[in-house]
Amino acid sequence: MLKYDLVVIGGGPAGMAAALKAKECGVKKILILERAETLGGILEQCIHAGFGLHYFGEELTGPEYAHRFIEQVQQTDIDVKVDTMVLEIRTGNVVVATNNIDGMLEISATAIILAMGCRERPRGALDIPGSRASGIMTAGTAQKYVNLDGYMPGKKIVILGSGDIGLIMARRMTLEGAKVEMVCELMPFSGGLQRNITQCLDDLGIPLKLSCTVIQTHGIERLEGVTIANVDENRRPIPGTEQYVECDTLLLSVGLIPENELTRMAGIIIDPVTNGAIVDENRQTSRPGIFACGNVLQVHDLVDYVTAESQIAGEGAAAYIANRPRGRNHYVSVSGKDGVRYVVPQNINENPDGDVKLYFRVADVFRNTKIIVESDGKVLYSKKKPKLAPGEMEYVIIKADDIRALEKKQLTVRLEVPTK
Amino acid sequence: MTRDMICVSCPIGCALHVELDDAGKVVSVSGNTCKRGEKYAIDECTNPVRMLTSTIRVNGGVLPVVPVKTSVPIPKGKMFECMKAINNEVADAPIKLGDVLIANVCDTGADIIATNEV
Amino acid sequence: MQYDVVVIGAGVCGAMITRELSKLDLKVLLLEKCNDVAMGTSKANSAIVHAGFDAEPGTLKAKLNVQGASLMAYYCNKLHVPYKNIGSLVVAYSWDDMKTLDELFERGFANGVPNMDIISQERLRDMEPYISEEAVGALWAPTAGIVSPYELTIAAVENAVLNGARVKRNSGVFAIEQKDGMFILSTASGVVKAKYVINCAGVFADQIAKMIGDDSFRIIPRKGEYYLLDKNEKKMVNHVLFHCPSKMGKGILITPTVHGNVLMGPTAIDLDFDSKLDVDTTIDGLNTVKNDVRTVIPALSTRNCITSFAGLRAHIADGNSDFLIAPSKANDHFINVAGIESPGLTAAPAIARYVMSIFGEVAPQYQRKEHYDTTRPEPIHVNELSNEERKALVEKDKRYGRIICRCEGITEGEIIDAIKAPCGARDVDGVKRRTRAGMGRCQGGFCGSKVVEILARELGEDMNEVTKFGNDSVILYERTK
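Chains as they are written, first to last, in this note's numbering: chain R, 1 to 420; chain A, 421 to 538; chain E, 539 to 1019.
Hints listed in this document are in silico derivations from the structure and should not be mistaken for laboratory results.
Even for Gly, the Cβ is constructed at its ideal location relative to N, Cα and C.
It is possible that part of the hints are untrue.
To be verified - A few chain A residues that face chain E, going by a derived Cβ cut-off under 8 Å, partial list only:
1. Thr475
2. Ile476
3. Val485
4. Lys504
5. Asn507
As the list claims (entries may be wrong) - Here are the simulated lysine-lysine pairs, DSS-like style, with alpha carbons at most 27 Å apart:
6. Lys934/E with Lys616/E
7. Lys455/A with Lys383/R
8. Lys81/R with Lys934/E
9. Lys1019/E with Lys504/A
10. Lys29/R with Lys929/E
11. Lys616/E with Lys601/E
12. Lys498/A with Lys156/R
13. Lys988/E with Lys516/A
14. Lys3/R with Lys934/E
15. Lys1019/E with Lys179/R
16. Lys929/E with Lys988/E
17. Lys601/E with Lys622/E
As the list claims (entries may be wrong) - If you want the ones that stay clear, here's a sample from chain A, every Cβ over 10 Å from chain R, calculated:
18. Gly451
19. Cys465
20. Asn467
21. Asn508
22. Asp512
23. Asp531
I would like the entire structure built from these sequences, with the hints used as guidance.
What follows is the structure in C-alpha cells.
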C-alpha cells in the first residue's frame, strides 16, 4: 500500500489549487489522482476567454488558466497519476484506484481532498419525448468534439438551456460554420452571464427564446427536427404555441450536477440543495480528514472562485495533517431562507481562525434587495444590492469576532425584497 | 439615431440608452450607474472589439487541433474573416503555449497564438 | 451463397433458434436488417420472466410460457446472461381485485405454474415496504424473474457463431422467390439461397410471409413506453409488481432490472400497420406511466429517471391472440414464428425447442453435429471482480485498468472485448448493450466520445463514420479544419 499525507482526487482547477496550497502550507507527500489523460480538467476544452479576471487580473482562456497551475504543480514534488480512476474511499482514508500502469492501487492517506467536479444533466433527466435519433448530446460533449477532437457534431443546431456552456457553444458552433437556429430557455430569464448573451448570441444574431422548451424530438436515425413550445409560469407547455424547427443537432445545457458518487459511497453527508457535501469553513466534510472543494462541492460560475475555495480546502487539509485539526463538533450552523437557496459552508467552527466568507445563490432575479445575515434576530450584516440573479454566486464576509460572540449557534442568510 | 444595449461590465447589467449623431458619434449615454457603463457604450458604438478563440489544425501532434486566440481583441466585424485565415492554417507539432501561429491576422494588428501545448 | 436454413430476424427468438440450429450438421444463416442483433422488440421490453398465469390454458402461449420460465435460469446460467429469480406479485386494491387474483391463481394452476400463493396485506407489506396503502393483497408467483433480453439475444448469437452459424447484419430481406425447392432471398446485402426459412421478423413477420404468398396473418405494432430510473431508487421495489388486471386493462408494471435500476411501463397503444419503425416516446404515454406508478408505489419518483424509451410488440390482428408458430400453408419449408408478444421473451427458450421439433418433422434429414458448444466465453465484467482478481487481470492486460464509463465502471478492455466478440458491437449502442458503457446516470455524457474513439480505432474507421445504431445515425459530421 502506498502512503501519502494528502491524496487529492481530481486534477482540474480545484484539485491543483488545493494541492498547491497544501504544499505551500508544508504538507510533504501529496498525490493528485486524475481520471483524464492530462491535468487541467474541463478547462482543457473551454478554449474561450473569460477566465482569471478575478484571480490573475487578466483575461485568459481555459487551457491558459489551467496551464499556469499545471506548471506550478510540475515545479513541486507533488506526485500526479493521470488516467487513473478512484473506485472507492475505504474507512481509515484508504483510496482505491485503478489505471493501466499500476493496475490496482491502494493508497493510505492522512487527509483526502475531493475535487471531482461536476457533470451535465443528460437528456433522460429532462424527459423530452420523441425519438432515439443520434444528434442529441450535452453542450459539453459537443464542446469536447469540436475543441479537442476537431469534429463538428452537427450543422443545424438548436440549443436547449441558456447556461453558460450552451451560450459559449452557440458561438463556437457558429464560428466553425454551423447554423445555430436558436437557444431555448425554460425559465423567464437566462442562467448565463449577460456578457455571454451579448457576445455569444446577440453578436451573431442568434435568438434567445425565454419561457420556451423542446417538447418533442423527431427523426428515426439522425435528428431531423424538434418541436418547441412556450411554457406558462408553472413551466408547462402552452397548447397552440408548438412550432417545428428543422435541425440535425440538439445541444443540452440544462444544469450541472456535482459528481458525488464517491462521496456518497464514503458515507459523507450531502446537502440536498447543493448536491455536494456539507462542509465547515475549512471545507472539511462530515468525515474527519476528508475535504471537498470546487464544483463537486457546489457548482460555481467562475473558475476564480473555484481556485479560492480550493485554497481554503488545501489549507484546512494541511492543518489537519499537521495535527492541528481546527475544532470540530462545536459548530455554528448556517442556512439560507427568503430567496436564498443555499449557503456554503453549512457549518462554521464557533471559534474560527479568521473571518469567514459565506457563498450563496438566490432562487430568482431580485433587484434593489437587501442581503441580511442574522442570528437569533440580531443582524450581523446587511447590504443592499442593485441586482441578484440565480446565475451569479454571491458572498458575504462575516467577522471572526462576530461569530465568536454569537449566543445562539446559528446563522441565517436571507433577502429582504423591497415592497412594491 | 439611438441604440439600446445591456452593459456587460459587471453583473448588474444596466440597460443603456445611447444617442448618436449622424456621423455615428456618441452624443449621450443614459441608464448606466457607473463610469464603466459609459465607456462600454461608447466602445460598443464606435469600435466594438472581441477576443476571438478557435482551433488550428495540427500535423503530427497527439491531438488533431490546438486551441488559439487573438493576442488582443479584434474588431467585431472582422471575426469571420479571421476565422477563414485560421481555418486555412496548419501548424506542425510540437507547439508551445504562446507560439505565434499567424502574425497580424487579416491586418488587425493581432496575432493568432496557441493557448495550449500540442 | 447457399444455405440449408436462413433465419430472418435476430431478435431473441431468431437468436435462440439459430443457436439450436447451429448444433445440427447444416449451414445456417441469420439475417438481420439492422446494424446489430436485438434491435427490435428484444431491446425494448419489460425484461421480465413471467410465471405463466396470464395466458389462457391450452394455448401455445400458456404452454411455452411455463416451459420457458423453468428453462430460463438454466439457459442464462449456461450463456452467462444476467438473470434473477425474484418472483412476481399481482397487487390487488379491492376485494373485487382479490376475486380476480383467485381467477389468476386457477388459470396459473391449470397452466402448471408452480408454488403460487395468494398472500395477505401484511406479508405484501413485508415484501414490498413502499407499496401503496391501498393494496390489500397479492398473487405471489415465485418462479417469475428478471433477465437482460438483449444480452440473452447477443449471447445466443455468439454461441451460434462459435458453432459455425453465419450472421449478416444490415441485410433486410425485400423479396423471396421460390424456385426448384429453394428460396432465393434478395437482401440489402445481396442474394442468398436456402432450403428452409424460419421467419422471426417480429413486427415485420407478416410482410416477410407475404413474400412467399402467405397473407394468413397481419401484425399490428403495439407500442409500449417505459421509464428507467437511477440505481438509487433500487430499494423502492424488490419484485416484479403487476397491477391486478381490471376493466381498465393490465396496467403497467414496476420491476427492478438485473443491473439494479428500476423499470416501469409499458403502455399499450396500437399503431397503424405502416408505423413499424415508430419508437418515439410521447407526452401522453410517459404521463400514463407516471400516473400509474403513483397508484402502486406512491413514493417512487420519475425525477430520478435516467432515460425513457418505447418498444413495439408484434400483436396479431384479427382476434387471434396466440403465438403463431407453424409451417406456412403456402410452403411448409417456411416456418412462421410470429405474433411473439408478451410472454415472448420468457417463452423464447421454449419457442426455440418447439421450432426445432417442427423443423425435425419437415426436415428430418439433419443430424446433430459430432461437436458443438452450448455456451460462449464468459464476458469479463471488471466491476464484478474482487480487487485481487482485478489486480491479476490488469497485470495480464492493462486495458482492464482504464475506466472509460465512470458511472458503470466499464473499462477499455471490456469495450474492446465487446467489439472483438463473435458478432461484436459495431456502433455506440451496441457497445452500450454489451458492456453497459453509457447506460449509467450521465447517459454517455463523458464516455460517449471515448467510445466513439475506441470504435473508430478498433474498426479502422474515421470517428465521423461511427454511428449510434447504424445507417444514418452518425454522431459526427466533417472535421472542423
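Review point. Does Lys934/E pair with Lys616/E here, judged by a C-alpha cut-off of 27 Å?
Key: Cα-Cα ~26 Å, so holds.
Point to revise | Verdict on Asn508/A as a residue remote from chain R, using beta-carbon distances over 10 Å | key: Answer for Asn508/A: holds, closest chain R Cβ roughly 13 Å.
Review point. Are Lys1019/E and Lys504/A close enough, with their CA atoms no more than 27 Å apart?
Key: holds (10 Å)
Exercise for review: Starting from Lys29/R, check that the Cα of Lys929/E is at most 27 Å away, please.
Suggested key: Holds - the C-alpha atoms of Lys929/E and Lys29/R are around 25 Å apart, at most 27 Å.
Point to revise | Interface hint outcome for Lys504/A [beta carbon to chain E under 8 Å] | key: With a closest approach of 12 Å, the Lys504/A hint is violated.
Check your understanding: Straight-line Cα separation of Lys455/A and Lys383/R no greater than 27 Å?
Key -> Holds. Lys455/A to Lys383/R sits at ~22 Å (cutoff 27 Å).
Check your understanding: Does Val485/A pass the interface check with chain E, least Cβ-Cβ distance below 8 Å?
Key -> holds (6 Å)
Exercise for review: Would you mind confirming whether the straight-line C-alpha gap from Lys81/R to Lys934/E stays at or under 27 Å?
Suggested key: The given pair, whose Cα atoms are some 20 Å apart, holds under the 27 Å limit.
Point to revise | Least C-beta distance from Asn467/A to chain R larger than 10 Å | key: holds (14 Å)
Review point. Just checking, Asp531/A versus chain R, shortest CB gap more than 10 Å?
Key: Given a closest Cβ separation of 14 Å, the condition holds.
Point to revise | Distance restraint between Lys601/E and Lys622/E, which requires alpha-carbon spacing of 27 Å or less | key: holds (22 Å)
Check your understanding: Going by Cβ atoms, does Gly451/A stay more than 10 Å from chain R at every point?
Key -> For Gly451/A, whose nearest Cβ neighbour in chain R is about 12 Å away, the distance exceeds 10 Å, so it holds.
Against the hints set out earlier in the document, a violation occurs for number 4 only.
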